[in-house]
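Colleague: Keeping their order, the protein sequence lines are chains H and R. The first sequence lines up with residues 5 to 118 when you count with the working numbering. The second sequence lines up with residues 1430 to 1540 when you count with the working numbering.
Calculated directly from the structure, the hints in this document are not laboratory data. A few of these clues could be false.
Claimed, not checked - Taking beta-carbon pairs under 10 Å as the criterion, some of the chain H residues facing chain R (in silico):
id : residue
1  : VAL8
2  : PRO12
3  : GLY20
4  : THR26
5  : ASN30
6  : GLN41
7  : GLU57
8  : VAL58
9  : GLY62
10 : GLY67
11 : TYR68
12 : PHE94
13 : GLN107
14 : TYR108
15 : PHE109
16 : ARG114
What the hints assert, rightly or not - Here are a few chain R residues that sit away from chain H, every Cβ distance over 12 Å (derived from the structure):
id : residue
17 : ASN1448
18 : THR1455
19 : ASN1459
20 : GLU1460
21 : TYR1461
22 : PRO1473
23 : ILE1492
24 : THR1494
25 : ASP1496
26 : ARG1497
27 : LYS1498
28 : HIS1506
29 : ASN1539
Beta carbons are placed, not taken as given, at the ideal position from N, Cα and C, and that holds for glycine.
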Amino acid sequence: EAQVTQNPRYLITVTGKKLTVTCSQNMNHEYMSWYRQDPGLGLRQIYYSMNVEVTDKGDVPEGYKVSRKEKRNFPLILESPSPNQTSLYFCASSLSFSPIYEQYFGPGTRLTVT
Amino acid sequence: DAKTTQPTSMDCAEGRAANLPCNHSTISGNEYVYWYRQIHSQGPQYIIHGLKNNETNEMASLIITEDRKSSTLILPHATLRDTAVYYCIVRVVQGAQKLVFGQGTRLTINP
């Protein structure tokens, strides 16, 4: 089944403890992206990647890192999480960056930083 | 980015067609109209998209006016599982290809 998977789905952690949220897609998609969703603010893009080894900042990249070493994986890294990174995170992928192609979203990761 | 305007909420009876309007009066000629929905806090689900012509797939139909300043998403036979927030998005051609989700329309399907 074609899908975007994220792990973990739920995570409670403490301030400063490094964590990684994984994202994987099995559709051979070139484009991948991370969003965060907060009440009243909608979905905001954190980082995106147009292909392997090509990443760029979205609208809210502070406090996050990403890497794209393989086409299928696009992990989101929080080196020193803070409470303001408590949010619902979504990974998305698309065949390419062209707006012709729809983006598919993962199920989400709910992160709580205390 | 072209701004979209949608009603905050709508109701529809189960089994009837749900028609969700969207205004995008500042859309450019090469920008696509996309529709997504989000059920509770699940990942947004792609529904349909189009550029100029009307489109139909297994989920819905998309009607775009000739001047492209507005569109309507049609769910032909709404079920209770279609209760969700529906987002109309105009996608730019260049740049980060981010999807800009506005406030959307909260559609409630009533039995």
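Colleague: Each hint: holds or not?
Modeller: Evaluated hints:
1. VAL8: Holds, about 8 Å.
2. PRO12: 15 Å, violated
3. GLY20: 26 Å, violated
4. THR26: Interface hint status for THR26(H): violated (15 Å vs cutoff 10 Å).
5. ASN30: Given a least distance of 15 Å, the restraint on ASN30(H) is violated.
6. GLN41: 8 Å, holds
7. GLU57: 17 Å, violated
8. VAL58: Violated, because the Cβ-Cβ distance from VAL58(H) to chain R comes to roughly 12 Å (cut-off 10 Å).
9. GLY62: Result: holds, 6 Å to nearest chain R Cβ.
10. GLY67: This interface hint is violated because 18 Å lies over the 10 Å limit.
11. TYR68: 15 Å, violated
12. PHE94: Given a least distance of 5 Å, the restraint on PHE94(H) holds.
13. GLN107: Interface hint status for GLN107(H): holds (6 Å vs cutoff 10 Å).
14. TYR108: 6 Å, holds
15. PHE109: OK, holds: PHE109(H) within 10 Å of chain R, min 4 Å.
16. ARG114: This hint holds: ARG114(H) lies near chain R, its Cβ roughly 8 Å from the closest one there, short of 10 Å.
17. ASN1448: Check passes; 22 Å lies beyond 12 Å.
18. THR1455: 16 Å, holds
19. ASN1459: At roughly 8 Å from the nearest Cβ of chain H, ASN1459(R) sits no farther out than 12 Å, so the non-interface label is violated.
20. GLU1460: Violated: least Cβ distance 7 Å, not greater than 12 Å.
21. TYR1461: Given that some Cβ of chain H is not farther than 12 Å from that of TYR1461(R), nearest at about 5 Å, it is violated.
22. PRO1473: Given that some Cβ of chain H is not farther than 12 Å from that of PRO1473(R), nearest at about 5 Å, it is violated.
23. ILE1492: Holds, because the least Cβ-Cβ distance between ILE1492(R) and chain H comes to about 18 Å, which exceeds 12 Å.
24. THR1494: Correct as stated: the minimum Cβ-Cβ distance to chain H is 19 Å, above 12 Å.
25. ASP1496: 20 Å, holds
26. ARG1497: 14 Å, holds
27. LYS1498: The claim holds: LYS1498(R) sits with its nearest Cβ about 18 Å from chain H, beyond 12 Å.
28. HIS1506: Consistent with the label, HIS1506(R) stays out of reach of chain H, its closest Cβ about 23 Å off (over 12 Å).
29. ASN1539: 25 Å, holds
When held up to the earlier numbered hints, the structure conflicts with 2, 3, 4, 5, 7, 8, 10, 11, 19, 20, 21 and 22 and fits the remainder.
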